[in-house]
Amino acid sequence: MIVGIDLGTTHSLIGCYGESGPRLFPNALGEFLTPSVVSLDSDGHALVGQAARDRLVSHPDASVASFKRWMGTARETRLGERAFRPEELSALVLRALLADAEAATGEKITEAVISVPAYFSDAQRKATQAAGTLAGIKVERLINEPTAAALAYGLQERPDGSRFLVFDLGGGTFDVSVLEMFDGVVEVHASAGDNFLGGEDFLDAMERAFLADRGLRADTLDAAARGTLRQRLESAKRSLGGPAAAEVRVTLGDATHEWRIDEARFAQLAEPLVQRMRAPLERAMRDARLQPAQLNEIVLVGGASRMPLVSRMVSRMFGRLPLRHVNPDQAIALGACVAAGLKARDRRLDEVVLTDVCPYSLGTAVARRDAQGRAQGGFFEPIIHRNTVVPVSREQEFLPINEGQKQLRLDVYQGESPLVEKNIKLGELEVAIDATRPVHENAVAVRFTYDVNGVLQVEAQVRSTGKRYELVLEQNPGLLDAAQIRQRLQALEEIKIHPRSKQENLAVLSRAERLYEEYLGARAQVQAWIAQFRAVLETQDELLIREHRLELGRALDSLETV
Amino acid sequence: MWPFGELGLAVDADERAIKRAYAARLRQTRPEDDPQGFQALHAAYQAALASCRRREVVPAEAARPVAPMPAPDDPPAPARPAITVPPLPAACFDLDGFVQEAISLAGAGNPTALDRWLRGIEALWSLDTKARAGHALVSAFYRQVPPMPEACLDALLAFFGLDNTLTGHDPLALHQLRRRMDLAFHLMPARRSQLAGRLRMDARPARRTLDEVLGQLQRPFRWPQVLLRGLFPAFGREIGKLVQCLCGGHLELLPAGIDRRQLDFWLRAADVRFISRPRLVLAGARTLVALLLSLPVGLLFGWVAAGPGGGIDAAPVGATALVVALVCVLFFLFAAWAQLLRWQVGPAPAGRWPGRLHLALVPLLTGVGLVMEYMVDTPLAGWPMLLLATWLALARALRGLDIPGSVRTWLWIGAVMISPVARVLAASGLQPEWFTGVFAGIALCGWAAALWRQRRAWRPARVR
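Top to bottom, those sequences are chains A and B.
Everything in the first sequence is counted per our numbering, starting at 1 for the first residue and increasing by one.
Everything in the second sequence is counted per our numbering, starting at 563 for the first residue and increasing by one.
Check before you lean on any hint, since a few could be wrong.
Sample of chain A residues with no beta-carbon within 10 angstroms of chain B, all distances over it, derived [said to hold, decoys possible]: (1) Gln156; (2) Ala209; (3) Asp287; (4) Arg500.
Below 25 angstroms or equal to it, Euclidean Cα-Cα: the simulated SDA-like pairs (lysine to any residue) are [stated by the list, open to error]: (5) Lys803/B x Gln780/B; (6) Lys422/A x Leu728/B; (7) Lys422/A x His812/B; (8) Lys422/A x Arg740/B; (9) Lys406/A x Thr436/A; (10) Lys496/A x Asp213/A; (11) Lys422/A x Asn672/B; (12) Lys496/A x Thr110/A; (13) Lys422/A x Gly671/B; (14) Lys108/A x Gly136/A; (15) Lys803/B x Gly759/B; (16) Lys343/A x Gly730/B; (17) Lys425/A x Leu728/B; (18) Lys422/A x Gly730/B; (19) Lys406/A x Asp434/A; (20) Lys138/A x Arg592/B; (21) Lys803/B x Ala371/A.
Since the hints were made in silico from the structure, they are not lab data.
Small disclaimer: the values here were computed from a predicted structure and weren't measured.
Quick reminder that beta carbons are idealized off the backbone N, C-alpha and C, glycines included.
In isolation and in its complexed conformation, chain A is listed as follows:
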């Protein structure tokens, strides 16, 4: 069976394409959304999800969140004794999700379709695939998040013959896709985005404003206090929207701070972030060669798109266009499930064909001759233009610059700047050419092939000799090679995730520990509760534990609402 997974910055979901369409699997706590947070406890077991999220406050040194932002880099995070790469942390989340799916279906899961931000680079995509391998599954396909959302939306609404724009503002990434649907074809026209813009950045802006207003400095707060503060600010952010101001009341160290933020202040704080959302929207529309009037609808997905200022901004840019909020948290996961169904050749999806685009330009460095005939180097020549429908294979010919040149170096770049120095270098290929031939007889044909999973292959052929060269993209320092993945897979298997049956107990316990940190006044009380619950756990009497857990949950609820 193939599952669909939305591996998000703040939350992750898993599901499959079932009898009645896409279906999501709940985790042990009965929720579809599993926070993408990993924590290690004292005996080396990994916790994933809500329990780990609570431990961000109580055990900040052993817990980590938002690691999707580091995918594709070699950054390591130390949890307890061991350092983890972002792929490994993602793999732990995937393993927890897979356990939920296996519990729900009773089948062993071996294959998955994972959604990634449309604007993820080559390195980030490879890292996501490595995370799947580390979790013990084969990643059959990576699907772009806005495309997934559109699939889910499109199959649900069947808006035949319509064009729409998917605006996906997630926890850590921002994506825009322009799509068209007709006769079961889901055709992506253009995608653009910003890999470092999401709900977390809005929270950062609030946190900075809070600290500035209170005269505090971020480095004087300990990790636990910061965790508390961020969770309070997050709930304040969610409650914004009406004319009423949101109140934040938080105890940091010895002092209790009260802070008010209203919609206008928040809009002012968010202004630079809103400005950053303009460029991807404009580029996607330009690349799709569409006027705003030619769009039928704008679909908002991603949790952060709930912020009222997002809809305000979209209508500011597009004029009076219908906006549609499609189940912001689940749309991408549902779409990933549909993609999994497509991959598994589900009969019910026979009518549906999806064509996607390559979101960035891929090309090589060239020199150009100016009006005076001088060669000027450092220009980027795109071979696969951004937003070309994939799979695609394009060939272009290049000539050496000088007479008598023996070698031609092909630098492969990804990016949008006309100058290569501002783009990302993916690799290079040395092609030997015949120095005795004149320049125009030394053409080298360069072929770029880009497949549906975003894997790039570069070939060069010297026209005169017919000799072929193929590019092996050099090992990116941010990526693991096959041997390293095998080695890390073994290391990771030693880390056990708590069994699902214990998850609910752990979640309650972690929550109690968080409240112990947050509510100084009730510390003794919470500590007593924790001790009592631990004692009950020792008895291993399922019924008794269940009773106590519910009771403890209610007690914690009442503590938090006070």
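Starting from the known structure of chain A, fit chain B onto it as the hints suggest.
Chain B only, in chain A's frame:
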């Protein structure tokens, strides 16, 4: 195959029919199963759509009415406030005014302020207006080349999304425009002290030179003034240096305020590699002035020589003028020789006869030297010719070879010493013909060696 044929359609099929046919074929040719078939199908689809849209004067999409905005229909979010939509400002946006204001703000040189101003313009939130404004701005830049620093231009281009590929602007042209605008900005009179700082010319004498040089370049070309300036050779060199610093030899980047005739004149005058008209004119002017100046000096000498008796002795006057004239002639000869040497050592010129002369100059000179040696009844009559031929041949043969500096020095000392040594030998009774033969041989061998080294260039002509 024709796109319509590939889709199984008649050539007058409309957009709806094209899409339906494409969708039907796509189910058989899925992108993940048959990449090549899919690419061909998609190319046919795009071509058919493009030709269909060309055919329709009014595109079908534009005619389709956009539904009025219904209330957002997502019940679980009751807290969402009504969306306020600003009035559409596209029609009343003053494009020219915007372009002029953007140019004047960017000319102030503060990219942050410029960016803030751009972001605050409400009308530019509309995608249409923004696209039009961006293109109006860039075409105004090409027309006017307004002075602005690179950072400001980059801020403008980034704001309008024109800083990436596939915007339809030629990257090289845009890159050169950026450099021209930046240069024009730094050459503005108000920015003179920053420019001096950038060129490390802010010490007082250097600063004065900078002002003089830029003032000269911005003045219209007038012969008397230019000749007066050109009396001091250092001035031309300063202009050459500064222009190199400013634009690295890319003269087309200099702003329109620089007089091109001035620029061309001074750069050619400063280029000692070639004998050019400006160099000849300036050298002539300098010679004339030197001769004129020699007159009062000569008169002074004559007055001193005549002694207290009064009157002026004529001989020193003539002698001074003669010395000055001789120095000038020597200088001209030296320049001519340097030019000849450079021409011989350099690559063959393009024309047929110049090319042949370039190739055969050394044997020609050797031949003339030998003929003079044996025909003219004076010992060592052909010697100067042979000396020149040997020198040229050795320079050609040794070109590009990595010879240590000390060896090179000794070679030249030897060449210069040949003449006096030969005279001494001739005076001591040895036959000079013997030496002329040896040196003619050296010249021809050196010439042949140079030819051998350049044998690649002498291959049969290739098809161009």
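Right, here's what the structure says about each hint:
Distance to chain B confirms Gln156/A as a non-interface residue, since its nearest Cβ pair spans about 13 angstroms, more than 10 angstroms. The beta carbon of Ala209/A sits about 19 angstroms from the closest Cβ of chain B, which is more than 10 angstroms, so the claim that it is off the interface holds. Listed as a non-interface residue, Asp287/A fails to keep its Cβ farther than 10 angstroms from every Cβ of chain B; the least gap is roughly 8 angstroms. Every CB of chain B is more than 10 angstroms from the CB of Arg500/A (nearest about 29 angstroms), matching its label as outside the interface.
Proposed proximity of Lys803/B and Gln780/B is supported: the alpha carbons are some 16 angstroms apart, at most 25 angstroms. Simply put, Lys422/A and Leu728/B have alpha-carbon atoms about 16 angstroms apart, close enough for the 25 angstroms limit, and the pair holds. With a C-alpha separation of about 24 angstroms, the suggested pair Lys422/A and His812/B falls inside the 25 angstroms cut-off, and the hint holds. Note on Lys422/A and Arg740/B: the hinted pairing holds, with a Cα-Cα distance of about 16 angstroms set against a maximum of 25 angstroms.
A distance of roughly 9 angstroms separates the Cα atoms of Lys406/A and Thr436/A; the hinted pair therefore holds under the 25 angstroms criterion. With a CA separation close to 44 angstroms, the supplied pair Lys496/A and Asp213/A exceeds the 25 angstroms bound. Using a Cα cut-off of 25 angstroms, the hinted pair Lys422/A and Asn672/B holds, with the two alpha carbons roughly 22 angstroms apart. Between Lys496/A and Thr110/A, the direct Cα distance comes to roughly 19 angstroms. Compliance with the 25 angstroms bound is thereby established for this hinted pair.
Taking the CA atoms of Lys422/A and Gly671/B, the gap is near 23 angstroms; set against the 25 angstroms cutoff, the hint holds. Among the hinted pairs, Lys108/A with Gly136/A is consistent with the structure: their alpha-carbon atoms are about 11 angstroms apart, no more than 25 angstroms. Annotation: proposed proximity of Lys803/B to Gly759/B holds, straight-line Cα distance about 16 angstroms (limit 25 angstroms). A C-alpha spacing of about 38 angstroms is found between Lys343/A and Gly730/B, which places the hinted pair above 25 angstroms, so the restraint is violated.
For the proposed pair Lys425/A and Leu728/B, the alpha carbon gap of about 19 angstroms is at most 25 angstroms, so the pair holds. At most 25 angstroms may separate the alpha-carbon atoms for a hinted pair to count; Lys422/A and Gly730/B meet this at roughly 19 angstroms. Restraint check for Lys406/A and Asp434/A: satisfied, since their Cα atoms lie roughly 6 angstroms apart, inside the 25 angstroms limit. Taken as a hint, the Lys138/A and Arg592/B pair is honoured in the structure, with Cα atoms around 22 angstroms apart against an allowance of 25 angstroms.
For a cut-off of 25 angstroms, the pair hint linking Lys803/B to Ala371/A stands: about 23 angstroms separates their Cα positions.
Violated hints for the displayed structure, listed by number in ascending order: 3, 10, 16.
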